[in-house]
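There are 2 protein chains.
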Amino acid sequence: MKNLLVAQSGGPTAAINASLAGVISGALKEEGIDKIYGAVYGIEGVLNDNLKELNTLDLDILKQTPAAYLGSCRKKLPKVSDNPELYQQTFSYFAEKNIGYFLYIGGNDSMDTVCKLSDYAKEHNIDVKIIGVPKTIDNDLAITDHTPGFGSAAKYVATTVAEIAEDSMVYDLKSVTIVEIMGRHAGWLTGAAALARNKNRSAPHLIYLPEVAFSKEQFVKDIQSLFEKEIHQVIVAVSEGIHDENGKLICEGGTSATDSFGHAMLSGAGKALENLVKAELGCKARSVELNVCQRCAAHLLSKTDILEAFAIGEAGVAQAVAGHSGEMMVFTRTSDSPYQMKIESADIHKSANVEKCVPTDWIVNGNDVTDDLITYLKPLIAGEVAVRFDENGLPKHLYR
Amino acid sequence: MKNLLVAQSGGPTAAINASLAGVISGALKEEGIDKIYGAVYGIEGVLNDNLKELNTLDLDILKQTPAAYLGSCRKKLPKVSDNPELYQQTFSYFAEKNIGYFLYIGGNDSMDTVCKLSDYAKEHNIDVKIIGVPKTIDNDLAITDHTPGFGSAAKYVATTVAEIAEDSMVYDLKSVTIVEIMGRHAGWLTGAAALARNKNRSAPHLIYLPEVAFSKEQFVKDIQSLFEKEIHQVIVAVSEGIHDENGKLICEGGTSATDSFGHAMLSGAGKALENLVKAELGCKARSVELNVCQRCAAHLLSKTDILEAFAIGEAGVAQAVAGHSGEMMVFTRTSDSPYQMKIESADIHKSANVEKCVPTDWIVNGNDVTDDLITYLKPLIAGEVAVRFDENGLPKHLYR
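If you're matching them up, the sequences are chains H and R in order. Just so we're on the same page, this note's numbering is the position in the first sequence counted from 1, plus 21. Just so we're on the same page, this note's numbering is the position in the second sequence counted from 1, plus 21.
It should be emphasised that the hints constitute simulated quantities derived from the structure, not laboratory data. Take the hints with a grain of salt, since some may be wrong.
Any copy will do: because identical chains look the same in the list, a pair fits if it lies in one copy or spans two.
[Claimed, not checked] Here are the simulated lysine to aspartate or glutamate pairs, EDC-like style, with alpha carbons at most 16 Å apart: (1) Lys237 with Glu301; (2) Lys324 with Asp411; (3) Lys143 with Asp368; (4) Lys97 with Glu65; (5) Lys96 with Asp193; (6) Lys97 with Asp133; (7) Lys100 with Asp140; (8) Lys417 with Asp79; (9) Lys371 with Asp392; (10) Lys100 with Asp130; (11) Lys118 with Glu412; (12) Lys399 with Glu412; (13) Lys299 with Glu266; (14) Lys195 with Asp243; (15) Lys324 with Glu412; (16) Lys417 with Asp265; (17) Lys269 with Glu117; (18) Lys195 with Glu251; (19) Lys195 with Glu301.
Fair warning: this is a prediction, and the values are worked out from it, not measured in the lab.
All chains should be built: construct the whole structure from the sequences, respecting the hints.
In C-alpha cells, the structure reads:
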C-alpha cells in the first residue's frame with residue numbers, strides 16, 4: 022500500500038478544485054492507495070511538511086469551490102545541478118510519508134516541476150510516479166486540446182460581456198465600452214467574448230488579441246467605422262496583453278502618472294483605451310476590467326468544464342497507478358459536433374514551458390476572430406452546474 | 022377602455038425588467054385596460070413618439086433580462102413654469118394615444134418626473150393616473166424599506182466578495198485586496214459585502230461606507246492591526262464614494278495624472294487605495310472594481326428581489342386602476358425573521374428627491390457595519406432564480 026500526494030499550483034481557477042475532487046475520487050477507487058494527502062501551498066507544502074489528509078472531503082461542495090482549496094504557490098524549482106539538496110529533501114520526505122504517487126495540478130510552471138521531479142526520480146530509480154494534471158484559465162498549455170478551468174472562465178466572460186452589452190444599450194447615445202480580459206500572451210479568453218454574440222446581439226463588435234500588434238490609430242478608425250454603420254453602442258473586448266508593433270504593452274507608459282496620494286499608477290489596457298476614446302472621439306466611454314472574477318466566479322460554471330476537470334483528475338490517478346510517470350494528462354478532441362473528447366497522456370517534456378497561443382489565421386483584420394475559433398470554443402462553455410447555495414443565499418464553499 | 026403606458030428610467034438594474042413584467046402582467050389582468058405601451062428610452066419615448074406594444078411579451082424571459090428592456094434616459098423634467106409647452110405636448114400625446122395610466126419605473130430622478138407629471142395632471146383635471154415604481158441598486162429611495170434591484174445587486178456583491186476572498190487566500194503571503202462597490206452617497210451596496218461572512222470566512226475584514234469620513238492614515242492602521250492579528254490576506258470593501266473629512270473624494274485628485282497616450286486619467290477609490298497600500302505597507306495589493314457587473318449580472322438573481330420587483334409592478338397597476346395618482350409604490354417590512362413585507366403606496370412628494378443613506382449608528386469605527394445592517398440586508402438576497410440558458414450556454418435575454 023502506498024499513499025498518494027496531490028497539490029495545486031499557479032493561479033486559481035473555478036475548476037481546479039474539481040480536478041482535486043477527481044484525484045481524490047480516483048484514489049479512493051484504487052485498492053493500492055491508502056492515504057490521500059494534499060500538500061498545502063503547492064510544492065511548498067512538501068518542503069515545509071504541511072500536508073492535510075483528504076480521504077473524507079465532501080467532493081460535491083469541493084467541486085463548486087473556487088480558487089485552490091489546498092492553497093497554491095508560484096515556485097519554480099531550480100535545476101537539479103543548482104540545488105541537489107532540495108531534490109534529496111523532497112524525495113526523502115516522499116519516502117518518509119510513503120508517497121507512491123504525486124499528482125500536481127497546475128499550469129506551465131507546474132508542469133516544469135512535474136518534469137524536473139519525474140526526471141530526477143527516474144534517474145535515481147526512485148519509485149514515485151509523478152503525473153501533471155493541467156489547469157489554467159489562459160488555455161495556453163501545449164499538446165492538450167484545452168485546459169480545465171478555461172471553459173468556466175470563458176462562460177463567465179461570454180455571459181458577462183453579453184450582460185454588459187445589454188447594459189450599454191439602455192441609453193440612446195454614442196458610447197464605447199471596453200472590456201479588459203485576462204491573458205498576457207494568449208488571447209483564448211478574450212476570444213471567448215465572441216461567444217456572447219447571437220442573432221439578436223452583435224456585441225462584442227471588436228476583439229483585440231495579444232497575438233497580433235495593436236495600433237491605436239486603427240482602433241479609433243475601427244470605432245468610427247462602426248459609428249458610420251449606425252452601431253452606436255460599441256462593445257470592445259481587449260486582452261490585458263495587447264501591445265504595439267514594438268511589443269510595448271498598451272497598459273505600460275502610464276507609470277509616470279501619479280494618483281491622488283502622489284503614488285505611481287499603472288492603468289490597464291482597458292482604461293488606457295477608454296481615455297483614448299474620450300480624447301479622440303469625444304463620446305461616452307468606459308472600461309470594465311473583469312479582473313480576478315473571471316477566474317474565481319464559481320457561481321457560474323461550465324458543466325462541460327467541471328465534468329472534464331473531474332474526469333482528468335481521476336484519469337491522472339489511474340495513469341500513475343498503471344505505472345506511468347513524467348506525463349501530463351491531456352484532452353484530445355475527436356469531433357467538434359457532436360463534441361467528443363478523450364483523455365490521454367503526453368510526455369511531460371513536450372508540454373512543459375511551451376506556450377500555446379491563438380493561431381494568427383484565426384484572427385481577422387486584427388480586430389475579430391474567425392468561425393474556426395468559435396467552433397473550437399463553443400462546446401467548452403456548454404451546460405450549467407446547479408450550484409448549491411446556503412441558507413443565507415450564498416454559494417456553498419469548502420474550507421481547508 | 023383605456024391604454025396603459027409604462028417606461029423605465031435611470032440606471033439599469035438586474036430587476037427592473039421584472040417590474041416591467043409585473044406591470045404587463047397586472048395590466049393584462051385588468052378588463053379596463055386595452056393596449057399596453059412601452060415608451061422607448063424613458064420619457065424621451067413619449068416626447069419622440071417612440072412606443073412599443075407589450076401585450077404579448079415572454080414575461081419569463083423578460084424577468085431574467087438585465088438592464089432596461091425598453092431603454093432608459095437620465096432626463097429630469099423642467100419646472101412647469103420653465104417649459105409649459107413640454108407638459109402640454111406630453112398630455113396631448115397621452116390623449117392621442119388614449120393613455121389612462123402611466124407607470125414609471127425608476128429611481129430618484131424618475132420619481133421627480135412622476136411628481137411633476139401627476140401634479141400637472143391634477144391641476145389641469147386631466148384623467149391620467151400616474152404611479153411610480155421604484156428601482157435602484159443604490160437602495161437610496163426614501164419611504165420604501167428597500168428598492169427592487171438592490172437585492173440582486175447585493176447578492177452579486179456578497180457572492181463575488183466571497184469568491185474574491187477565496188481567490189486571495191491561495192498564496193501564503195501578505196496581501197490586501199480592495200473591492201470597489203457602487204454607491205456615491207449611500208453605502209447600502211458596499212455594506213452588503215458583509216453578507217459574504219460566515220463561520221469559516223471573516224472577509225471582508227474592513228468596510229468603508231461613504232456616510233462617514235475616510236482617513237487614509239486610519240486605513241493603513243486598520244490593515245496593520247489585522248496583520249498583527251495574523252490575518253494576512255485582508256479583504257476590504259469600499260464604496261466608490263468614500264471621501265475625506267472635507268468631502269473630497271478619494272478617487273479625485275488623480276486627474277493631473279496622464280496615461281500612456283498622454284490623456285488625463287482618473288483612478289477609482291479602489292485603485293487609489295491599492296497604490297496607497299503598496300507605497301505605505303510594501304505588500305502585495307490589488308483592487309477589483311465590480312463596475313457595471315454589479316447592476317447587470319442577471320445570471321445571479323435574488324429570488325426575493327425578482328418576486329418582489331414583479332409584485333410591486335403588478336401592484337402599481339392595481340393602484341392606478343383604483344384611481345390613485347401621484348404615488349410611489351413602496352415596501353413596508355413588518356418582520357425581519359420570518360421576513361414579512363407588504364406593498365403599500367406613498368405620496369410621491371414624500372419620496373421624490375430625498376436620498377436615504379445608511380444610518381450612521383449602523384456603522385462601527387468607520388470601518389465596519391453593525392448586526393442591525395446585516396439583519397436588515399439578509400432577507401433581501403435570499404433564494405435563487407433558476408435562470409434559463411440557451412443551447413449555446415448563455416443566459417436567455419429578451420430583445421426589443
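Hint check results:
Within a single copy, Lys237 and Glu301 get their C-alpha atoms as close as 10 Å, which meets the 16 Å cut-off; across copies the closest is 35 Å, which misses it. In this assembly of identical chains, the alpha carbons of Lys324 and Asp411 lie at most 16 Å apart only when taken from different copies (14 Å versus 20 Å within one copy). In this assembly of identical chains, the alpha carbons of Lys143 and Asp368 lie at most 16 Å apart only when taken from the same copy (14 Å versus 81 Å across copies). Taking identical chains as interchangeable, the C-alpha atoms of Lys97 and Glu65 lie at most 16 Å apart only when both belong to the same chain, with a minimum of 10 Å there against 60 Å between chains.
Proximity of Lys96 to Asp193 under the C-alpha cut-off of 16 Å is restricted to the inter-copy arrangement: shortest distance 12 Å between copies versus 51 Å within a copy. Taking identical chains as interchangeable, the C-alpha atoms of Lys97 and Asp133 lie at most 16 Å apart only when both belong to the same chain, with a minimum of 7 Å there against 61 Å between chains. For a Cα distance limit of 16 Å, the shortest separation of Lys100 from Asp140 inside one copy, 11 Å, qualifies, whereas the shortest one across copies, 80 Å, does not. With identical chains, the CA atoms of Lys417 and Asp79 are at most 16 Å apart within one copy only, with a shortest distance of 11 Å there and 32 Å across copies.
With identical chains, the CA atoms of Lys371 and Asp392 are never at most 16 Å apart, being 28 Å at best within one copy and 56 Å at best between copies. Taking CA atoms no more than 16 Å apart as the test, Lys100 paired with Asp130 passes inside one copy only; the shortest distance there is 13 Å, against 65 Å between copies. Taking the closest pair of Cα atoms, Lys118 and Glu412 never come within 16 Å of each other, the shortest separation being 40 Å inside a single copy and 48 Å across copies. Proximity of Lys399 to Glu412 under the C-alpha cut-off of 16 Å is restricted to the inter-copy arrangement: shortest distance 10 Å between copies versus 34 Å within a copy.
In this homomeric assembly, Lys299 and Glu266 never come within 16 Å of each other (Cα to Cα): the closest approach is 23 Å inside a single copy and 31 Å across copies. Within a single copy, Lys195 and Asp243 get their C-alpha atoms as close as 14 Å, which meets the 16 Å cut-off; across copies the closest is 43 Å, which misses it. Taking the closest pair of Cα atoms, Lys324 and Glu412 come within 16 Å of each other only across two copies (13 Å); inside a single copy the shortest separation is 24 Å, beyond that limit. Proximity of Lys417 and Asp265 under a CA criterion of 16 Å is satisfied in neither setting, with 43 Å inside one chain copy and 37 Å between copies.
Neither within a single protomer nor between protomers do Lys269 and Glu117 lie at most 16 Å apart by alpha-carbon distance, with minima of 49 Å and 61 Å respectively. For the identical chains of this complex, Lys195 and Glu251 are intra-copy neighbours only, at 10 Å inside a copy versus 50 Å across copies, given an alpha-carbon limit of 16 Å. In this assembly of identical chains, Lys195 and Glu301 lie within 16 Å of each other by CA distance solely inside one copy; the values are 14 Å within and 41 Å between copies.
Of the hints listed earlier, those the structure fails to meet are numbers 9, 11, 13, 16 and 17, in rising order.
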